[in-house]
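Visitor: Chain by chain, the residues:
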Amino acid sequence: MNIPFTKHTLANGLDVLLHEDHSCPIIAVNIWYHVGSKNETPGHTGFAHLFEHLMFEGSEHHDSGFFQPLQAAGASLNGSTSADRTNYWEVVPSGALELALWMESDRMGYLLPALTQQKFSNQRDVVLNERRQNYENRPYGLASMAMLAALFPPDHPYHWTTIGEVADLQAAKLDEVQQFFRRYYHPANASIALAGDIDQEAALALVRAYFEPIEAGALVEPVRAAASIDAERRVLLEDRVELPRLYIAWLTPPMFEAGDADLDLATDLLANGKTSRLYKRLVYEERIATDVSASQNSREIAGFVQLAATAAPGHTLVELERVIMEEIARLAAEGPTVDELARGRVHSETQFVLRLQTVGGFGGKSDQLNAYNVLLGDADFFERDLARYQQATAPSLQDAVARYLVPGRRITMSVVPRGRIDLAIPDSTLVSVS
Amino acid sequence: MTTPPIIGVDRSRLPDSRSVPRFTFPAVQKSVLENGLRVWSVRHDGVPLIGFLLIVKRGAADDPPGKEGLAAITADMLDEGTGVWSAIEVHKEIARIGAQFDIDIGADATLVGLTALSRFAGQGLELLASVAARPTLAEADFVRVRQLRLNRLIQLRDMAGVVADRAFARLLYGDSPYGHTPLGSETSLTALTVDDVRAFHARLLRPDAATLIAVGDCDHDTIRQLAGSAFGAWTPGAEPAPDGRDTIARPARLNIVPRAGAPQSELRVGHVAVARSTPDYHALVAANMVLGGQYVSRINMNLRADKGITYGAGTSFDFRRRPGPFTLKASVDSRATATAIHESMLEIAAIRGERPVSADELAVGVAALTRGYARNFETSDQIARAVAQLALYDLPDDYYSLFVPRVESLTPEEVMAAAARHLDPDRLTTLVVGDEAAFGQDLARLNLGAPAIVSADSI
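Listed in order, the protein sequences are those of chains A and B.
When we follow this note's numbering, the leftmost residue of the first sequence carries the number 1, and every step to the right adds one.
When we follow this note's numbering, the leftmost residue of the second sequence carries the number 435, and every step to the right adds one.
So here's chain B without its partners, still in its complex pose:
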């Protein structure tokens, strides 16, 4: 190495950054099998790995009324035996190729993923197809898995964050499809049968609602051939008609799940907001960055950096196929509960225009979204999950390549207007999971009416 040049260090100002090269998302190659399964692949070299992700556009929102938790337990049953293999043997087969295997369930989709060394691509895909398309779904396994989920529900009673998430979904959405988390309840799980699971698998986890995504050291023709032999025999049953539930009762403004002696209050503030398909998507993502989507956002600066009453506070729009929730989440010192609610509501109201989003403030949020954008697509798993979003929300192939210029073109006025359209301070619902003795008297000054008490057992 030659003698390095002398570089002057100027500590009177921060150095400027050079501009970021334009990001281009890799090409997605696409095929469709005869049974309707879409096979999409992206070449991603560098490390000898292949990642497969099967996404089916059916999730917990497809749970029939009274059968909350069915989609999740069906997903959970997939790897509990297939063909001649028991649950343990399925996992031994996965372990023999050293693969990482996981199943995820959300409101809108079920995902089954398998990542392995490239040399095991064929075996890995066969295993993925076996569990997803041909699970045994035996009665004895169902009883055991359901008992594990019931035990899990018992344990979750003590997790304030989970109690809050479950209660808040119920408050915002009532009996409609987003009114429960994928887990379901003790009552609904107890009422389920293995026939419910078999019917859900046959009728809802269907190849014509699914996309198989492959990312890694692979070419599309090989993947299509492998997918054809692994998934070709997967055929769907008749899909049930949608039940059309969409009525949502308006919840109380202020709700409490009592938790005696809790050192912190688990807080949720929000309302039903907007679907992923909204034309305001980019503006809302930017508005959220300013409001509560990053460390330097208004809400975290207010509650953590300024007041020190929380380890962190944040907001998010959960964009889904149907209108998802806008939610502020924080876990705050119990004694500061009323202050945290008051400040949160002020910040949410202010971003609609009362405290205008400045050009500088927006620039910070936009930069955080755009300048580091490339790092969201570093690993095969990140790319596969990005492609899954394209499949789930019917986004165009150039969606990721166009994201940065689209966000960079936003003005403070557009961002505030979108916030004003989709955030409504008068509709905000607040939920506190915490110890009323520590904050109960302070809540009156919030003028949100008498708090409704939500029993933890009723969730």
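For reference, chain A alone in the conformation it holds in the complex:
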């Protein structure tokens, strides 16, 4: 089980990944630029994501909306920005591959001549509205910002979220956008994957024709930063919510490193779904929480496990914290059961097979090839990725929990209704996010 592909690196450094699948007459075009909010600096946050918006506003030879011609050709398309990377994709009918390549190469090679102050100001307003909609006007929407700020020191590139600070967005200047483009948006910092109804030779010829004339830029140095937590820190955030929620987070290994897959499996058996230990205790038996969930957030430089549980009316975050820490201690001391481990294995096998169903879009085969290529430098990693989960053992999982989910090295954050800081875990420091 894998995603067969060929890889070609053009003279300008652009990686090209090609995967044939003729089951549906569509082609996925997927481009990753190895730039995300981790490449920003304090005072200039939100830039990578704001830039992603500008990529849809036209380029030199097609100086109008990016969506129109592609939607008219029957494409679906989108883009997204994370801490580590920015991706753009189209899924087009087989006959519209050249159109997608024309459009993507035009904005890779010729964006700046079409970038005006007016487009810039307008998209900044759209982003400020995105921020209001998805963070400020959403219950618990500011918790992720507060947690990242608590987990990582102010100069660490994971200290801020991709949406950025309002003041930084308002202060952003057009010439910074131009510098940002020149530094990060060029072939040597990008990877393009085509998956679906292609003829590899013809597809490669088209990619060469459209992308090879674009000049390489300077290589982007990897971002390096360190973070550590040596004690428990308790913070509290007031928000427009009805029920208090407890977040607990720990620093963990980066993506693909030892412990990463074990912690993925461990968070599932601890807190995800009705079979999880914490759902059973908190929601099903003791009924002191309304929900519980956890995840290992794997990133390039560092990872973090975040666990969240909401108190049922009449119950306190202190009660939740006690049960959560008990169950983590038990898992660290005893490890998973044989049944839990077996369920984790078949679950990951199913999840990986499900990932083979689509050629494009977020998480489709083209996106996966680019993820492995950009983040690992090895696009041929699907099977080995699954093997990380299949080969996890009771001792390896237990060891990862004992080593990383340490009670005295965590952030404990209470999110409480405005004016009710008495509902927080005692001795918490009030924090705010702008």
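Be aware that one or more of the hints could be misleading.
Said to hold, decoys possible - Pair ranges (Cβ atoms, derived):
1) A/E215 with B/L829: 52 to 62 Å
2) A/D422 with B/T621: 25 to 35 Å
3) A/G419 with B/E620: 47 to 57 Å
4) A/D230 with B/R553: 44 to 54 Å
5) A/Q391 with B/T621: 12 to 22 Å
6) A/A258 with B/R445: 23 to 33 Å
7) B/D876 with A/A258: 51 to 61 Å
8) B/T621 with A/L174: 14 to 24 Å
9) B/D609 with A/D155: 56 to 66 Å
10) A/T6 with B/R445: 48 to 58 Å
11) B/T458 with A/R409: 55 to 65 Å
12) B/S520 with A/D422: 45 to 55 Å
13) B/D609 with A/A394: 52 to 62 Å
No lab work stands behind these hints, which were simulated from the structure alone.
Backbone N, C-alpha and C define an ideal beta-carbon position, used for all residues, glycine too.
Got chain A sorted already, so can you dock chain B onto it with the hints?
Guide: Same frame as chain A, now just chain B:
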């Protein structure tokens, strides 16, 4: 690989696309069990997965008056224990085969889905049948699940979009079957009993109103046999008579749910429109693409691209078994609330003919609907949900194969005429969930009369 041919790149114009091969929906094979359960399957090879989807044509619109939320809590109770298994044990069984399991409830239907590796087809179908046809429906589980739903309702008070959806359904439909979302209200949930749930399950979630759909690495005879042994013993109780509610009070033109300090206004503009069975279906789908159904639609271009006052605005006709709503949704900068309402109403009125749909504009919408049509049927889950639409709305088997030619044949005149028949600017109702202090004074210039204040607690 040989030396690639030299391809000239012409950046003076966009390249043309080649034509799209005609799309044909895969064959649906059909059987009926003795209890009336329809068993439909579609072969979809490639990935060793099988997807099962059970759709029962009963949903939140079947909630009896005063028992809003009953269909949804019944659906929620299905996986809370069956036979000797507790809720936790049911999910352990599902997890032991690594399956994805989900329950969906809508106004018109209840859906239970299970997707698993093909080698677990038999076990997966047994599990699906156990939860759907033979749930325990115990009192203690009911009390716990109801409390979780009540807690959920408390949390949803803070979600502006959900507050808007619930209030808008109520405004448009009053006490009639579509006048509430599946969740129900705190009052109605509190009044429910486990006997209500048992009765709803026995009398409404019935095999003769259900279709089991299987899509994947499977053949029909095997699926029919498996379904026969898994579902054969499922028998329905007597169905209650329809209560015939259909009176709808006319709401105020302008309504506000106050939300002090909200950075954005959550906006809904719409009215009761049309059922899925309308002969204007294709024309309305195309009209909606032009108006607000895609990124490049008139409304999104106006409010997002031109004015920058929203992250996105869109419209939809919710085609249902009975006339569903037409709704414009947007979350807009609070200070621009009146502008957004004004522009939205102008755009809705204009598409009826005042600003004619041009041939080019229609071509973009039609192309978006047709040229990429095949990608809607890539995964087994997409195909299963498409087949479920055939079952729910009594559509013919060739519906999907005929969709593209039918839409391609539409003219701007047909599209505008359909919009004129089913969109009525004078009947549009507007709801704002937001901070009146930021926009209250601007609303007077809309000439929609004094706003009615809707209390969030009354929803």
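Visitor: Each hint needs a verdict: does it hold in this structure or not?
Guide: These are the hints, each one checked on the structure:
Here the CB-CB span from A/E215 to B/L829 is close to 54 Å, well matched to the stated 52 to 62 Å. The given range of 25 to 35 Å is respected by A/D422 and B/T621, whose C-beta atoms sit roughly 30 Å from each other. Restraint check, A/G419 to B/E620: a C-beta distance of roughly 23 Å breaks the suggested window 47 to 57 Å. In this structure the hint that A/D230 and B/R553 lie 44 to 54 Å apart at CB holds, the actual value being about 48 Å.
Hint check: A/Q391 to B/T621, Cβ distance near 53 Å, so the stated range 12 to 22 Å is violated. A beta carbon spacing of about 48 Å between A/A258 and B/R445 contradicts the range 23 to 33 Å that was offered as a hint. Checked against the given bound of 51 to 61 Å, the beta carbons of B/D876 and A/A258, roughly 59 Å apart, stay inside it. The hinted window of 14 to 24 Å between B/T621 and A/L174 is violated, with their beta carbons roughly 55 Å apart.
The beta-carbon spacing between B/D609 and A/D155, approximately 59 Å, falls within the hinted interval of 56 to 66 Å. Taking 48 to 58 Å as the suggested C-beta distance range, the pair A/T6 and B/R445 does not conform, at roughly 28 Å. The hinted window of 55 to 65 Å between B/T458 and A/R409 holds, with their beta carbons roughly 59 Å apart. As the Cβ distance of B/S520 to A/D422 is approximately 37 Å, the hint placing it in 45 to 55 Å is violated.
Between B/D609 and A/A394 the beta carbons are some 57 Å apart, a value that agrees with the proposed interval 52 to 62 Å.
Taken one by one, the earlier hints fail for this structure at numbers 3, 5, 6, 8, 10 and 12, listed in ascending order.
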